[in-house]
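Protein chains: 2
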Amino acid sequence: MDRIFGEITGIPEGSEFENRFYLSQYGIHRPLQAGISGSQTEGADSIVLSGGYEDDEDNGDEIIYTGHGGRSQVTGLQVSDQTLSRQNLALALNCQRGLPVRVIRGYNHNSPYSPSVGYRYDGLYRVDSYWREKGLSGFFVWRFRLIKIKPLSDANQVSEEQPTYGQTQRVDTSVSRIVRDSQLSRFIKELYGYHCQVCQHTIETNIGPYAEAAHIRPLGRPHDGPDVLTNLLCLCPNHHVMFDFGGFSIADDLSLLGVKGKLYNHKSHVVGIEYLQYHRQHFFSREVGV
Amino acid sequence: MDRIFGEITGIPEGSEFENRFYLSQYGIHRPLQAGISGSQTEGADSIVLSGGYEDDEDNGDEIIYTGHGGRSQVTGLQVSDQTLSRQNLALALNCQRGLPVRVIRGYNHNSPYSPSVGYRYDGLYRVDSYWREKGLSGFFVWRFRLIKIKPLSDANQVSEEQPTYGQTQRVDTSVSRIVRDSQLSRFIKELYGYHCQVCQHTIETNIGPYAEAAHIRPLGRPHDGPDVLTNLLCLCPNHHVMFDFGGFSIADDLSLLGVKGKLYNHKSHVVGIEYLQYHRQHFFSREVGV
Numbered sequence: 037m038d039r040i041f042g043e044i045t046g047i048p049e050g051s052e053f054e055n056r057f058y059l060s061q062y063g064i065h066r067p068l069q070a071g072i073s074g075s076q077t078e079g080a081d082s083i084v085l086s087g088g089y090e091d092d093e094d095n096g097d098e099i100i101y102t103g104h105g106g107r108s109q110v111t112g113l114q115v116s117d118q119t120l121s122r123q124n125l126a127l128a129l130n131c132q133r134g135l136p137v138r139v140i141r142g143y144n145h146n147s148p149y150s151p152s153v154g155y156r157y158d159g160l161y162r163v164d165s166y167w168r169e170k171g172l173s174g175f176f177v178w179r180f181r182l183i184k185i186k187p188l189s190d191a192n193q194v195s196e197e198q199p200t201y202g203q204t205q206r207v208d209t210s211v212s213r214i215v216r217d218s219q220l221s222r223f224i225k226e227l228y229g230y231h232c233q234v235c236q237h238t239i240e241t242n243i244g245p246y247a248e249a250a251h252i253r254p255l256g257r258p259h260d261g262p263d264v265l266t267n268l269l270c271l272c273p274n275h276h277v278m279f280d281f282g283g284f285s286i287a288d289d290l291s292l293l294g295v296k297g298k299l300y301n302h303k304s305h306v307v308g309i310e311y312l313q314y315h316r317q318h319f320f321s322r323e324v325g326v
Numbered sequence: 037m038d039r040i041f042g043e044i045t046g047i048p049e050g051s052e053f054e055n056r057f058y059l060s061q062y063g064i065h066r067p068l069q070a071g072i073s074g075s076q077t078e079g080a081d082s083i084v085l086s087g088g089y090e091d092d093e094d095n096g097d098e099i100i101y102t103g104h105g106g107r108s109q110v111t112g113l114q115v116s117d118q119t120l121s122r123q124n125l126a127l128a129l130n131c132q133r134g135l136p137v138r139v140i141r142g143y144n145h146n147s148p149y150s151p152s153v154g155y156r157y158d159g160l161y162r163v164d165s166y167w168r169e170k171g172l173s174g175f176f177v178w179r180f181r182l183i184k185i186k187p188l189s190d191a192n193q194v195s196e197e198q199p200t201y202g203q204t205q206r207v208d209t210s211v212s213r214i215v216r217d218s219q220l221s222r223f224i225k226e227l228y229g230y231h232c233q234v235c236q237h238t239i240e241t242n243i244g245p246y247a248e249a250a251h252i253r254p255l256g257r258p259h260d261g262p263d264v265l266t267n268l269l270c271l272c273p274n275h276h277v278m279f280d281f282g283g284f285s286i287a288d289d290l291s292l293l294g295v296k297g298k299l300y301n302h303k304s305h306v307v308g309i310e311y312l313q314y315h316r317q318h319f320f321s322r323e324v325g326v
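These protein sequence lines map, in sequence, to chains D and W.
Quick note: the first sequence uses the numbering used here, first residue 37, plus one each step.
Quick note: the second sequence uses the numbering used here, first residue 37, plus one each step.
Hint data in this document are derived by calculation from the structure and do not stem from the laboratory.
Errors might be hidden in some of the hints.
Identical chains share a label here; the pair holds if one copy fits it or two copies do between them.
DMTMM-like mimics (lysine to aspartate or glutamate), calculated; alpha carbons at most 25 Å apart, straight line [to be verified]:
{"hint": "1", "residue 1": "298", "residue 2": "280"}
{"hint": "2", "residue 1": "170", "residue 2": "288"}
{"hint": "3", "residue 1": "170", "residue 2": "310"}
{"hint": "4", "residue 1": "170", "residue 2": "289"}
{"hint": "5", "residue 1": "170", "residue 2": "280"}
{"hint": "6", "residue 1": "186", "residue 2": "97"}
{"hint": "7", "residue 1": "298", "residue 2": "240"}
{"hint": "8", "residue 1": "186", "residue 2": "164"}
For reference, chain D alone in the conformation it holds in the complex (with noise of 0.2 Å):
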């Protein structure tokens, strides 16, 4: 059966389970063991807090989680590094990914947070960052900052940015250029190996290669472009940055304007002629030609 990320229809937050038995049958959190399930190629779609390391978080809406490996069966301490493989890259996948995971406290999790008894699952949560630490015993752990995903008051908003910005000169606002990572999003990177259309490089990273997918015509209003194959591209961050600004756009014959060279395309991506035309008309100001 295929993983499921997200809410599980049907049980909503706050759902108790009596025992991880229960926690399985009805999808929430399927290992009856393992603390997270995930996979390192899809990410994780659901943890179970249950006791943990010492020097953990749970704030609530924010969880400071260190990941797993390293630590004796017979002892419980740390006696080697933790790694960025396994259950701890599939949580680092939904950081990069942008996939929500389904967070349930147990009885056992030392937190203020925890049910008395059994299970219960509360809700969704993103992986905001993660990183590597010393701890105590002198080894290495990775270690993920969760928080709380709040539902949008609009479900159909796609979430607007909110900078913030000050009453004086001084104004400190934040540009979010939202990255979506749809299930085309993630087969056209894929598609090409994570290797940018315009320079063929690709990005790496401590969990392995990155790239964007651009929508030609863009998704948003007014512009209206279908989530659709033809109106994808991918992209190094980069080209990414200059072909939304207007930086370069692509002729018909898929030659580059603006840069040199022509886009690499993989012989089963078909490109929309009509969102190249969209995007040179309406974002390209230095074209010969229309």
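Model the placement of chain W on the given structure of chain D, informed by the hints.
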């Protein structure tokens, strides 16, 4: 007097003004005639909606606004293409830098949201996007989509991206890479001429060069890095992603770890060794020695 972005102290949203003179006196919109207040280097701090182009839209929290230029003063018709310069460039800068713009609606603005007399300050908007369109005249105009900035419930909260998610296997989520554009960030990018300290490239867009300022020790919890120049780097988006996700790091002597070469360092920019150490320890897991 320096340009003020954001709220003007003491002038809340909804404040009404009899005429353009008072708008100017109170600092809400300083020019007496021009519709946009701004500059090609700083961005636009305010705009007045008062008449405009036929296909402008005003949907309250969303405004589609047409730029300036190319109109005959005699006939009012479009007689040449608009260019991405002057006030149009100013608004485009707001988009790239995440700067808010004060929006004032005038009695002569054709919209259900207009005041019946005078002018009303209707709060802060951000410039979500900008693009070019061919009008009925056959000439190009630049268009801007403005979105109302809603105040955060917790004023101190760094805005967290809210992913959207589905209830089935198909998950559509957004990963937001928040690019902070504080004054310090602007300063460091200008210091390096928008060139990446790792690869020396700059990203060219339709309004000039683009780069990102990266905090070496992250600002957010729990890393709590400071927002100071010694904790900042000027990077291209590719190297920013790589850096944040541990694809490379930097040794105390500024040689690069994980990629070839050495960090380019401007003589007046001191890079904090303690922050480099923090990054190596917490994010770069391929290092040889800390």
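If the cutoff is 25 Å on CA atoms, where do residue 298 and residue 240 land: within, between, both or neither? Let me know, please. Classified as both: same-chain Cα gap 23 Å, cross-chain 18 Å, threshold 25 Å.
With identical chains, the pair residue 170 and residue 288 could be close in the same copy or across copies; at 25 Å between alpha carbons, which is it: within, between, both, or neither? between (53 Å within a copy, 19 Å between copies)
Quick one: residue 186 to residue 164, C-alpha cut-off 25 Å, is that within a copy, between copies, both, or neither? both (14 Å within a copy, 23 Å between copies)
State whether the alpha carbon distance between residue 170 and residue 280 is at most 25 Å within one copy, between copies, both, or neither. between (40 Å within a copy, 19 Å between copies)
Quick one: residue 186 to residue 97, C-alpha cut-off 25 Å, is that within a copy, between copies, both, or neither? Both, since 9 Å and 22 Å are each at most 25 Å.
Using 25 Å as the alpha-carbon threshold, which applies to residue 298 and residue 280: within, between, both, or neither? within (18 Å within a copy, 30 Å between copies)
Indicate which option fits the pair residue 170, residue 289 if close means a Cα-Cα distance not exceeding 25 Å: within, between, both or neither. between (53 Å within a copy, 23 Å between copies)
Alpha-carbon proximity context of residue 170 and residue 310, limit 25 Å: between (53 Å within a copy, 16 Å between copies)
Taken one by one, the earlier hints all hold for this structure without exception.
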